[in-house]
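Visitor: Chains A and B, in that order, are what the protein sequence lines are. Quick note on the working numbering: the first sequence kicks off at 1 and runs consecutively. Quick note on the working numbering: the second sequence kicks off at 1 and runs consecutively.
Just so you know, the hints here were simulated from the structure itself, not pulled from any lab data. Think of the CB as a built atom: it goes at the ideal place given N, C-alpha and C, for glycine as much as any other residue. Don't take each hint at face value.
Taking lysine to any residue and the SDA-like style, the derived pairs with C-alpha atoms no more than 25 Å apart in a straight line are [to be verified]:
1) B:K82 to A:Y155
2) A:K82 to B:M137
3) B:K111 to B:T46
4) A:K117 to B:P133
5) A:K114 to B:P133
6) A:K169 to A:R106
7) B:K108 to B:A16
8) B:K77 to A:E132
9) A:K24 to A:K114
10) B:K82 to A:V147
Covered stretches of chain B, as calculated for chain A (at least 3 residues, CB under 8 Å) [claimed, not checked]:
11) 34-45
12) 60-66
13) 71-85
14) 90-103
15) 117-124
Beta-carbon label-pair distances, calculated as ranges [stated by the list, open to error]:
16) A:K182 to B:V92: 41 to 47 Å
17) A:D90 to B:S136: 52 to 58 Å
18) A:K191 to B:M75: 28 to 34 Å
19) A:F143 to B:V92: 27 to 33 Å
20) A:P177 to B:S136: 22 to 28 Å
21) A:V91 to B:P59: 44 to 50 Å
22) B:R127 to A:R49: 36 to 42 Å
23) A:L29 to B:M75: 18 to 24 Å
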Amino acid sequence: MRVLWLVITILLSAGLLSCEKKEKFNGTLLDRKASEFCLKGWEAGKEKRVCLSDFRGKVVLMFFGYTHCPDVCPTALQMLAKTMKELPKDVREKVQVIFISVDPERDTPEIAQKYAKYFYPTFMGLTGTPEEIKKVAKEYMAFYRKVETGSEGGYLVDHTAYIYLIDPKGTLKLIYPSTKQKPELIAEDVKRFF
Amino acid sequence: MFYAVAVLFLSVFAFAKPHIVVENPWVREVPPVSTMSAAFMNIINTGDEGDVLVGVESPASRVAEIHTTIMEDGMMKMRPLKEVKVPAGGRVEFRPMGKHIMLIDLKKPLKAGDRVRLILIFKKSGRVVVEAPVKSMKMPMH
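In isolation and in its complexed conformation, chain A is listed as follows:
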């Protein structure tokens, strides 16, 4: 009888442990199908069509921003670059960071790509027509709007600043605020998919 209890206890705790390991993420769990999109990227000196489904089998970390933004966007992309460096080399190769410009009027695919690449060599910058960007942003609950503030730098863009994690199966798994975010926590989550 005592042995039986012991076995049950062991099984229960093992079950609890594995459960915890499976479900406990640092990001907020969304767990729904990631909407497919195709946008314009830049490769080898020319435009290239890039679709989210191209990265099936990889973890995609996605961020919406704009290159005229001197504070929030560099801080977020810098944080994602640190996330990459937190990962072991073999995992790093299975992660694609995508920066989507919500300022297609000023950010061409070339500018978006060069901007993203500055932070980490494999980062990808994408943009599209204002309609395409509007559609993608809506599907990911990313809001943005142009505002005239009287700044000499032209209009500013208010935007949500979340980081989206899409798992290797194409599930929009997790979401993170980009501000005050610890790269090691995202890295920890990424490692769980491999």
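Keeping the supplied structure of chain A fixed, place chain B upon it in accordance with the hints.
Guide: Below, chain B without anything else, positioned relative to chain A:
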């Protein structure tokens, strides 16, 4: 005795003035395609009278503006500020995700190690010139 106290009081009153010290200024290195950057620093007023930062100039960009980043309704917003008060004995931090000096239309790309001259214009202290190094936030590749 009364006279001495009065003189002391008057002299303090007469000499009350702000004294601005700028600590740890730096400018963020940005991707070469970017024509905007931001400068950060701490502004300390060790004097006994408040002062107000009313503008910034820099030879590195066409315009420099005081901006702040705020989070409101889940949106990140940047807004220009007309002025920033620096109270007597006070300290104002310009840091990433907060107040910053926005350098608009950089004349040339800024690289880590470059130095950028910033002229901070105060209501009472006048022009305070600062040399800010350009810093990369990137970590060395390994």
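Visitor: For K82 (chain B) and Y155 (chain A), compute the direct alpha-carbon distance and say whether it is at most 25 Å.
Guide: holds (17 Å)
Visitor: Do R127 (chain B) and R49 (chain A) keep their Cβ atoms within the hinted range of 36 to 42 Å?
Guide: Once the Cβ atoms are compared, 52 Å apart, the range 36 to 42 Å for R49 (chain A) and R127 (chain B) is violated.
Visitor: Within a Cα-Cα threshold of 25 Å, do K111 (chain B) and T46 (chain B) meet the stated pairing?
Guide: violated (33 Å)
Visitor: Is the listed coverage of the segment 90-103 of chain B by chain A valid when you require three or more residues with a beta carbon under 8 Å from a beta carbon of that chain?
Guide: With 5 residues in contact (Cβ-Cβ under 8 Å with chain A), the coverage given for the segment 90-103 of chain B holds.
Visitor: Could you say whether the range 52 to 58 Å given as a hint is met by the Cβ separation of D90 (chain A) and S136 (chain B)?
Guide: Roughly 27 Å apart at Cβ, these two residues miss the hinted range, so it is violated.
Visitor: Count the residues of the segment 71-85 of chain B with a beta-carbon closer than 8 Å to any beta-carbon of chain A: does the count reach three?
Guide: holds (count 8)
Visitor: For the hint 22 to 28 Å, verify it against the beta carbon of P177 (chain A) and that of S136 (chain B).
Guide: holds (24 Å)
Visitor: Under a C-beta cut-off of less than 8 Å, do 3 or more residues of the segment 60-66 of chain B approach chain A closely enough to confirm the stated coverage?
Guide: Check passed, 3 qualifying residues.
Visitor: CA of K108 (chain B) to CA of A16 (chain B), is that 25 Å or under?
Guide: Violated, at about 42 Å.
Visitor: Determine whether the Cβ-Cβ distance between K182 (chain A) and V92 (chain B) falls within the hinted range of 41 to 47 Å.
Guide: violated (27 Å)
Visitor: Run the distance test for K114 (chain A) versus P133 (chain B): straight-line Cα separation, threshold 25 Å.
Guide: holds (24 Å)
Visitor: Mind checking the hinted window 27 to 33 Å against the Cβ distance between F143 (chain A) and V92 (chain B)?
Guide: holds (30 Å)
Checked against the numbered hints listed earlier, the structure breaks hints 3, 6, 7, 9, 15, 16, 17 and 22; every other hint is satisfied.
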